[in-house]
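Whole structure, please, built from the sequences with the hints as guidance.
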Amino acid sequence: MSLIQEARAREGMLAQPGTAPQPAAWSVTEQPWAWAVAALLLIMPLIANGFFLIEIFGTTLILGTIALSLMFLAGYGGMVSLMQLTIAGFAGYMVAVFGVSGNANISLGWPWWLATPTALVLAVLFGTLGGALAVRTEGIYTIMITLAIGAAFYYFTNQNWAIFNGHTGINTIATPHFIGIDWRSDIAFYYLTLAVAVACYGVVLYLSRAPFGLALQGVRDNPRRMAALGFNVNAHRIAAYAFAALIAGLGGVLQVWNYRQISPGSVAVERCIDILIVAVVGGVTRPVGAYIGAFIFVMLRTFALDFLVKVGLDGNRFRLLIGLGFLAIVFWSSDGVIGLYERWRKRGQHRDTRPGGHGHG
Amino acid sequence: MSRFIERQPIWSLVILLAIALFTWLIFAVWPPGLEDAIGRKKVFLSAVFNGITLGGLYFLVASGFTLIFGLMRNVNLAHGSLYLFGGYVGYGISAATGSWILAFVVAFVVVAAIGILLQFLVFRRMEGQDLRQTMVTIGLSIVFADLMLWAFGGDFYQIQTPAWLIGPVQLPLMTAMKSSGEAVFLQYPLVRLVIFCGSVVIGVLMWLALNRTRVGMIVRAGVDDREILAATGVHIQLVFVLVFALGAGLAGIAGVVGGTFQSISPGEDTRFLLASLVVVIVGGMGSIPGAALGALIIGLAEQLGSVYIPTYAIVVTFLIMVLVLALRPQGLLARR
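So the sequences go chain by chain: R and E.
The first sequence begins at 1 in my numbering and counts up one residue at a time.
The second sequence begins at 1 in my numbering and counts up one residue at a time.
Treat the hints with care, as some may be off.
[Unchecked claim] Below, computed lysine to any residue pairings styled on SDA-like, alpha-carbon distance capped at 25 Å:
id: 1; chain 1: R; residue 1: Lys310; chain 2: E; residue 2: Asp146
id: 2; chain 1: R; residue 1: Lys310; chain 2: E; residue 2: Ala151
id: 3; chain 1: R; residue 1: Lys310; chain 2: E; residue 2: Gly153
By construction, these hints were calculated from the structure, which means they are not laboratory data.
Set out below in structure tokens:
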């Protein structure tokens, strides 16, 4: 847990000077960047066309939401789970199995308002059971067990034809139409993903200060002390897994509506690790890190090919670039891009305050 | 052993009965009713042998993994990449020189050298930071996978089995009785048996080295408490490098073995990483006998599963892992 604790400690040091003007944290003057981004996201359909709107921003929001579930577990619970994408993929598969799709022999053909909640409930169940397994051991073992769960699910979808239709997967999955709107049309779908992402982000922010979130952070920092105080450590951890599974499941449902198909490739081990990369690159101490990481990842994935060709390299080396970038982040900034930004801001503050301090002295 | 029976009489009985049933299934001539119910004995015996030999391969991969984990608390998620790279190196050598034995030697040395470099350049800098080391191994596995895809492409490679190992051998195990009363014996590929014996020998050597030599004593002491070991004046960095080299080299050898009896291609790294994870979780983390037991169980479960319940085979493997985690979270043979 050193990675997170280290970053926490640094954040704690950062927070001390700025504790006085707490009430103004949400005002425009305190957080101009946050408000600018929020406004930009709201009017995005006016600026971006279909490709950018869905392929870049829509995908970023979906990926970010799945990564947010990992951020919640890793940042507040100290549990690095590699199965979050598996849960998302499971939710996607369940939408395909219970809902309407091109594979009539598999899909049950339920309407979306029945299939989607069922998928979410099953995803939460899956995540809770996986979590209950993972909390049997501690720390570093969590990664091993959740990775084993993710990989086992991938191989299972590959070899099972009765439910998951083997390696071809399930295609032409129906997307919801209601109140006269096709929710898969570009602008409607963008606002749908935005709404889900904002809701998840808000709930995670709220939970981080709610009694449950605080107890979870206590469990992360010192499970034995929390147990001695009368908290049920494992129950808190499993509850965290369940909540994270709900977020991941929402992301998975959106993802399957976005691509309209799902196959074992969507839940491959590489994809699971991508989610870890997104969360770590963004920074796991703040919920917003997941979305920043997702944006960087999607931009790289979309434009790396053109960029690599332009500088005279083989365009297929996208994953090499991602891997090296991830290594660099793990090596130099334990808190991802957020950590880098905060270090940079701190340096700026030092430059501002130091002359003043000298003047007084 | 006797203490285990004293403490867990019911479990001992269950295990004993299971072993007895299994032995009977292997050696007895099956009555007709049984053949009708679960198919021919030949299919069952082949699956069992495939499972045991696959277990040998899994043991080679997982023993390196568990050794590294036990001593350094480093969950080396790049272990699958080392396996795959060993396979490619072995293929290159055997294609160039035609020598199968040389392929093993070179694969061991080259992959062990990579292990030394990794320990020296990367992991030594972040000692004691488990999570960060694991993250780094994830990053490395991505980089390695892409570099290997770049260098070797997406093709399947198979390492040529040497001429003296080609062909089946007859085992003294009856698969059926002909109507004339003549017994039919099981035919099994020689190369898989030889490789299995090889992995047993390696396992026994490792056990001896760990339990009967001074270096082994140091390594075992390091597994228990590395700070105290370092405090007694042992040059622990050297021990780390040695163990990492051995673990990586074993993965390299396993790559050659895997390339001989299956094939090597991108994606195999993940498959064998999963196998080592499950084997180590089942057997007990950091324990060599645990890795052997886990490898045997998982190999058998995988092969028997793929014969009798083909579309749910992986679930059997997974259920075994779940069962072990539920009943004995530290693994079957771990101490603690």
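Hints, one by one, checked against the model:
1. With a CA separation close to 20 Å, the supplied pair lysine 310 of chain R and aspartate 146 of chain E stays within the 25 Å bound.
2. Note on lysine 310 of chain R and alanine 151 of chain E: the hinted pairing holds, with a Cα-Cα distance of about 21 Å set against a maximum of 25 Å.
3. Taken as a hint, the lysine 310 of chain R and glycine 153 of chain E pair is honoured in the structure, with Cα atoms around 23 Å apart against an allowance of 25 Å.
Comparing the model with each earlier hint shows no violations; every hint is respected.
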